[in-house]
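> Given next are the chains, with one letter for each unit.
There are 4 protein chains.
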Amino acid sequence: MPLKTSDEFVQSLADLDLQIYLFGDKVEDWVNHPVIRPSINCIAMTYELARQPEYEDLMLATSHLTGEKVNRFTHIHQSTEDLVKKVKMQRLLGQKTGSCFQRCVGMDAINALYSVTYECDEARGTGYHARFKDYVKFLQENDLVADGAMTDPKGDRSLPPHQQADPDMYVHVVERRDDGIVVRGAKAHQTGACNSHEIIVMPTIAMREGDDDFAVSFSCPADAPGVFYIYGRQSCDTRKLEGNELDVGNAQFGGQEALMVFDDVFVPWERVYLCGEVEFAGALVERFAGFHRQSYGGCKSGVGDVLIGAAAVAAEMNGVQKASHIKDKLIEMTHLNETLYSCGVACSAEGSRMPAGNYQIDMLLANVCKQNVTRFPYEIARLAEDIAGGLMVTMPSAQDLADEKIGPIVEKFLAGQCDTPTIDRLRVLRLVENLTLGTAAVGYRTESMHGAGSPQAQRIMIARQSNMDHKKELAKALAGVGKPWDKTAVKKPTATTAG
Amino acid sequence: MPLKTSDEFVQSLADLDLQIYLFGDKVEDWVNHPVIRPSINCIAMTYELARQPEYEDLMLATSHLTGEKVNRFTHIHQSTEDLVKKVKMQRLLGQKTGSCFQRCVGMDAINALYSVTYECDEARGTGYHARFKDYVKFLQENDLVADGAMTDPKGDRSLPPHQQADPDMYVHVVERRDDGIVVRGAKAHQTGACNSHEIIVMPTIAMREGDDDFAVSFSCPADAPGVFYIYGRQSCDTRKLEGNELDVGNAQFGGQEALMVFDDVFVPWERVYLCGEVEFAGALVERFAGFHRQSYGGCKSGVGDVLIGAAAVAAEMNGVQKASHIKDKLIEMTHLNETLYSCGVACSAEGSRMPAGNYQIDMLLANVCKQNVTRFPYEIARLAEDIAGGLMVTMPSAQDLADEKIGPIVEKFLAGQCDTPTIDRLRVLRLVENLTLGTAAVGYRTESMHGAGSPQAQRIMIARQSNMDHKKELAKALAGVGKPWDKTAVKKPTATTAG
Amino acid sequence: MPLKTSDEFVQSLADLDLQIYLFGDKVEDWVNHPVIRPSINCIAMTYELARQPEYEDLMLATSHLTGEKVNRFTHIHQSTEDLVKKVKMQRLLGQKTGSCFQRCVGMDAINALYSVTYECDEARGTGYHARFKDYVKFLQENDLVADGAMTDPKGDRSLPPHQQADPDMYVHVVERRDDGIVVRGAKAHQTGACNSHEIIVMPTIAMREGDDDFAVSFSCPADAPGVFYIYGRQSCDTRKLEGNELDVGNAQFGGQEALMVFDDVFVPWERVYLCGEVEFAGALVERFAGFHRQSYGGCKSGVGDVLIGAAAVAAEMNGVQKASHIKDKLIEMTHLNETLYSCGVACSAEGSRMPAGNYQIDMLLANVCKQNVTRFPYEIARLAEDIAGGLMVTMPSAQDLADEKIGPIVEKFLAGQCDTPTIDRLRVLRLVENLTLGTAAVGYRTESMHGAGSPQAQRIMIARQSNMDHKKELAKALAGVGKPWDKTAVKKPTATTAG
Amino acid sequence: MPLKTSDEFVQSLADLDLQIYLFGDKVEDWVNHPVIRPSINCIAMTYELARQPEYEDLMLATSHLTGEKVNRFTHIHQSTEDLVKKVKMQRLLGQKTGSCFQRCVGMDAINALYSVTYECDEARGTGYHARFKDYVKFLQENDLVADGAMTDPKGDRSLPPHQQADPDMYVHVVERRDDGIVVRGAKAHQTGACNSHEIIVMPTIAMREGDDDFAVSFSCPADAPGVFYIYGRQSCDTRKLEGNELDVGNAQFGGQEALMVFDDVFVPWERVYLCGEVEFAGALVERFAGFHRQSYGGCKSGVGDVLIGAAAVAAEMNGVQKASHIKDKLIEMTHLNETLYSCGVACSAEGSRMPAGNYQIDMLLANVCKQNVTRFPYEIARLAEDIAGGLMVTMPSAQDLADEKIGPIVEKFLAGQCDTPTIDRLRVLRLVENLTLGTAAVGYRTESMHGAGSPQAQRIMIARQSNMDHKKELAKALAGVGKPWDKTAVKKPTATTAG
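Residue numbers (the working numbering), protein chains in the order written: chain L, 2 to 500; chain X, 2 to 500; chain R, 2 to 500; chain S, 2 to 500.
No lab work stands behind these hints: they were computed from the structure.
Watch out, some of these pointers could steer you wrong.
Note that the list lumps identical chains together, so a pair holds whenever it fits in one copy or between two copies.
Under the rule of at most 25 Å between Cα atoms (straight-line distance), these lysine-lysine pairs were calculated in the DSS-like manner [what the hints assert, rightly or not]:
(1) K406 <-> K70
(2) K492 <-> K138
(3) K138 <-> K70
(4) K406 <-> K484
(5) K477 <-> K134
(6) K155 <-> K493
(7) K155 <-> K328
My request is simple: use the sequences and hints to build the entire structure.
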């Protein structure tokens, strides 16, 4: 079975020569950098759980390519059951990390490319699908992490890629050689870019004639020559430099985003999956987005579980857990969170088989799922802040608590109502802060808003998928639109005499 | 195949001797009474569609008792696939009737009783399950409609049944005979009471020692001696007396509620499914409610489709269909409606096998589903009223439109912006009125609120099912609650000199 | 003091020869018609309260034209205090009638025309203002009710009035004579049309060159030759024909809407207030709408008080008044209702003096007020339905309750948990039904949505009034946009060693 | 005129010897500490604007004690006009600082104490009011900043102060001397504690017999011996240490919270305003909270203006300002923000005169105001994040942008769609981040939630002030509860024959 331990995973990452810039410097021992490490721990958890028998059913799947058990993150979904299990696995990981765990983009990318390469070959006689299957096998057999990279900087949004003043605003082919292509450009907002072995690049919008050089999809090692990363800044990121587990809130896990730059990177043909077939760019975007909008029904409800739990613990430590309004707020948070999960499950259970043989989610319901994700985590966070109380944002620093003179005073005055040590009360409040205002809020709030497409993108898809004509026909039939009207049958309302 | 045509169904109803009171009178030809008939047409539609090949997959199921194809409304769910199909069938019928179609209560009752009678037999050595299976077979083989009757008047809610001043506030056994029992009491808010062949009675709350006479479940023919019905009044009900399809909005279909009275009704033992086993009353209530909360994810989203379609048609006839705010409101309505459907699907797909062999929905998600149903139809209705415009509630009556002198004036001034005849514009607006303020609003709004339990009932179940302890453990683990704290590792934040 | 008693008012109405069509017939004794009378009672209440000393401060004002005390409904606002008192008077009347009381449109019309005629005279040398002041004096001295009529049928909304296929889609001048003008057309959705002495007509949209015949404002007696009314149908309207106070919910009061037709009506010049000055049509619409959007902050919060009270009484009669979720829902309803009232007060308190000397509300806040009115009454209604319980829509008719045989059974089973007679419990539930689904729902819900302009109209005004440029400047100043950036000051985050 | 310049204010602060602890160290040059200084700048702005003629009407008031013009922050409100101007002043300062500007607590404290000391004297013959007037005069004449300190740590919330295991959980008198009292305890969450000249202490809850030592109100200099401060940690606080205006978002202004400790502080009798009169503690809390709940209708709408403006600028720089959904979101943000302002204005305009002669806000509407503040800023923030786009949380640090090698790459790829320099685009996004996730989010979100009392505190007040009995009477009157019912008048609905 090709499964790495989490230690082997970390070592395999360390063996890469990633070019990462953070706070203006190139990071040397990036695997152990305190700002970056929590995001590596998240992915390590996807390895860790895969080796625990109790999670085997969710974390592993049987590859249709090799017949072997593989980590589900490298699996091509073979049934609606697979789709549902994907969501459950994501919820589990959200629960274990309290964070975006970043390995989903690659999974969603391979599943989208799987069907699109097949259909492109069917239509254009290209040979991408076989190539791509080899690549998936390579990922599975080596138990690798792939980053799925989609969002280009886009430049002037009113112009197509090939009319941009600066063509680098979209990743594009700058040279076609016998052995491969050379690409240039950048991908922005790359979740999980600096903890992957491989990068899978896809176009970011539907394309048309003239955009040929931009309709390109390929994969390459994360440390391919010419690839480098500029690490994104998160709220409260430097607390991780303070050696201070307390104020970080969630000391072990965290997300990560980066600007990924392709400075004339060479890609051999066997790693190219689209190159000029402009009419397939749109399908690829839509399918990747569809899978990723499903994903959020899983991962965000998992993180939601942590936040609900943290609010419940905070309420207990504040001694207010029995107040009816507190109980009701926890119910509301649970209700909203399970609604997200329901949408994730529903678009999976309603999935369907593609011509390539793999399974795809229901596109309408996946967009509905994500649209809810752009709303409910914000309300859950608001309720968590309500329950946690103001101390969450007014309490002194860990440095104060650690101080010999000031520490005992802080401890005395911030003791909660129960027997809990003050430090534990503060830990839980810092976890709530982390999820609502701090580093994890980037994943739980802003990523919920914009990840897998901003809210308006889902609304456009919902409109397109809503089959409004059918609904109009239903209404017309019941209203009797177009039927002859028998005026002579109309009677005048009146009432008989009393009794 | 034991399937009636819709005409045969209506005839079979007409053969019953139901005792129905409406507006203070006993109704004679009740099957053809204009106030009642639309509710019969709804159920007739469940027969009609069952015979159309295109809907066979949803409308029919293979009985696990007889191996025959039966109407799904009489089926015991054998898989999660069955559960999902139930929801889809309900959405279909909501679309076709634009109304509560009333046959679900019986389906949900037999599925709840199926597992509860089994477990009661296991625990108490009673013989209810075999009996009940015979009864289900009887329903299936004769393709009958059963009403599931649960809600008692309840009297003083702070007292258990056996301590009520008037014991009739809960249906109860007044006599135990060799051949059967005699029951007395009433069931309120009975949806679909006056268009069923059979009545299935269940207790309405969890019970305890002393409530033995009240812990009773049985079935009887709808026209059993001693059973009578007092028909509930709906908003705009008497418009149906005006021979006036226009102002009714939905001339063909409608819902129905009645107060069902049991005035010393005899029930033979073979139709008794619980009698004194107080500890099973609670499970029966919970499971029936669970199934019924799932149901609303189907039927209400079907009715929602009609309302969305009606709003879209109204917008076109008003000439405003291209306004961005109109399009956006239709998207929002669709989004909310599909969220309801997603919850219906999710609690079905996550269903599980009971000891009796049948399948039950996921209890947490079914309650989440219904909780959303207590909210979103109201917002969908509000948006429909927004799109429809004020004319919906200010336009003259059909009698004015039919009048020789006034009619042409109404027609002239109420013409919409397009080529649509005025009458069709008014028809669509009356359909919106019907669903938001009229007879169908009782089903689409108030029943969404209170049917299958009022909102607070779901919140209690959500709290109970939320596994909050697990969530608290997740949060504590990530926050590091209880871990020793290494104060010495704490560093002070600072910044190096520029550059 | 020129104040009529309510009886004198009713008699003065009866003296008019209104041409009203209802259910296809011309209504003869319209003042006593059971469908129409409740709306007359509402206006009668504006006379009744004006003579009660305790309400004098709100109901009366000192005319700036005559120095006499007049009914505030005929007053031109002279201060922000007047504007606030207007809102309070409206809340009082909403409380007393539980209904739209319909006299506001005339008050808002005279206040809008007062400043517009002044400004038109200033700009164009016309003589409207003096004329109009005479008219206001006439209304005040005779204590009359005026209807303010604005909304034309509009026909094809993409075309201006003078390009309509049928010019009658907008009220317009068909003949200019020495002694006056002849007008033709119709006004739709006319609240309070059939219980006014006078009609004040205004254009419904901003106009431009070519629309001269349509830019017309005038007044005429409600029974001027050529004026007739087609009465609008409301949800549950015919219950009022059943001699049945119970099922009506609110037996005494109700709203009213009509299609008002002008079939070549002659208007003498002294009653013409705009005629061809197209550039003033827009201001007139905006100011009337502004005053009317303010009005809703008063009247709807008054009706909201009734609905909140009804829900509270229903909860008591159901025996659930102490449940924490019930209490919390009543708080939420109160909170939303008082937010509406706050907005009504705020746009009044922030009003300002016009060149004509009268006071006008703050336009931005009045639109904000109305926008909230398109939302909160729906949520208040939803919560009321939640608290009331399903019985509200499933209970038998008054005819059943009055029946000798069935009545006692209904009474027995529908008794609440307390000592309240069943009839009183049902009365309160019918009042909730009346406000949420019945005749009063037309006023409380649909009129809240569309009266004084549909929601999108307010959004356009909010955008126009929001002074977004100022907000952008604030943000740019704080963000430092355009400032030179001193890169050399940037330091790298780090942390000193522990402790 | 006793008005300091902003420089004089800063100097006067620097002259104090405040004992402030931050990150475990006592801060020496605290007035110039980069973490603290922005909060001092906020208060400096209250001095700055007070000397600008264009703001004189809002910023200054005429003291009723001295007849001199004083800064409104030191004024006792003499009319509802004063109350409204207070709200406008707060909105202005929110706009200018984009932050909590912290001087309101003192203003609200003196206005609450003014009437309570008067009433206490009346009831108990104490001499607090004259003393307190002297103190107000002292503040006015020296143009001082006072902090209003209310919230105690509270310990076990189920016990009254005098039964706490540790009496220090509430500030209390430990010694009564001839010349004054000695107090001990702490106040938590103190907004603006470390930029005030004076501290005004009030009790935090209603008290009863036995709590005599805890029912204490007094003032003292901010640097009185025994007073010290532990500075609260805010999200992203240490970015201010990076010499890096860009990543801070709002480089100049910010809020501040601290734990304020009273370690046996001596207070002379002339600065004591309550000492043992337990029955006045509740009124003091309620009035202070009332004034402070009003305040939020002003300040938060001012900060909201900044956030709306920032979102609008970000949209322009992203090139999406013309998209209809963007425009609609800006309208929604404006609508919500103006609703908050309306509530602030309304509770002011509806204020009333107290026996002491000063004016107090309407208590119901002030609580409604604050309740909305616990909701709408969160939704405004959510919409701002939607409009801003994901770049707000994924963009590289200022250190990267400042780097010679990486900087130009960041600049190239993060250029917006317009001619705006990249740096300005990033500045605006960092401002949005600051307000939604960063230091200012503590004020705009969490303080909106918990400042002036958590949401449930307002709900309790709304319930108490709602006059529900009056509402119930209104409903009963309209429903006809208790009226005799004339069954004989009931008619049966029917319909005449057609036509």
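> With reference to the structure, classify each hint as holding or not holding.
Cross-check of the supplied hints:
Taking identical chains as interchangeable, the C-alpha atoms of K406 and K70 are never at most 25 Å apart, the minima being 57 Å within one chain and 45 Å between chains. Neither within a single protomer nor between protomers do K492 and K138 lie at most 25 Å apart by alpha-carbon distance, with minima of 75 Å and 46 Å respectively. For the homomeric pair K138 and K70, the shortest alpha-carbon distance inside one copy (12 Å) is at most 25 Å, but the shortest distance between copies (45 Å) is not. For the identical chains of this complex, K406 and K484 are inter-copy neighbours only, at 23 Å across copies versus 87 Å inside a copy, given an alpha-carbon limit of 25 Å.
With identical chains, the CA atoms of K477 and K134 are never at most 25 Å apart, being 49 Å at best within one copy and 42 Å at best between copies. When the C-alpha separation of K155 and K493 is checked against a cutoff of 25 Å, the pair qualifies neither within a copy, at 66 Å, nor between copies, at 30 Å. With identical chains, the CA atoms of K155 and K328 are at most 25 Å apart between copies only, with a shortest distance of 21 Å across copies and 46 Å within one.
In summary, the numbered hints that this structure violates are 1, 2, 5, 6.
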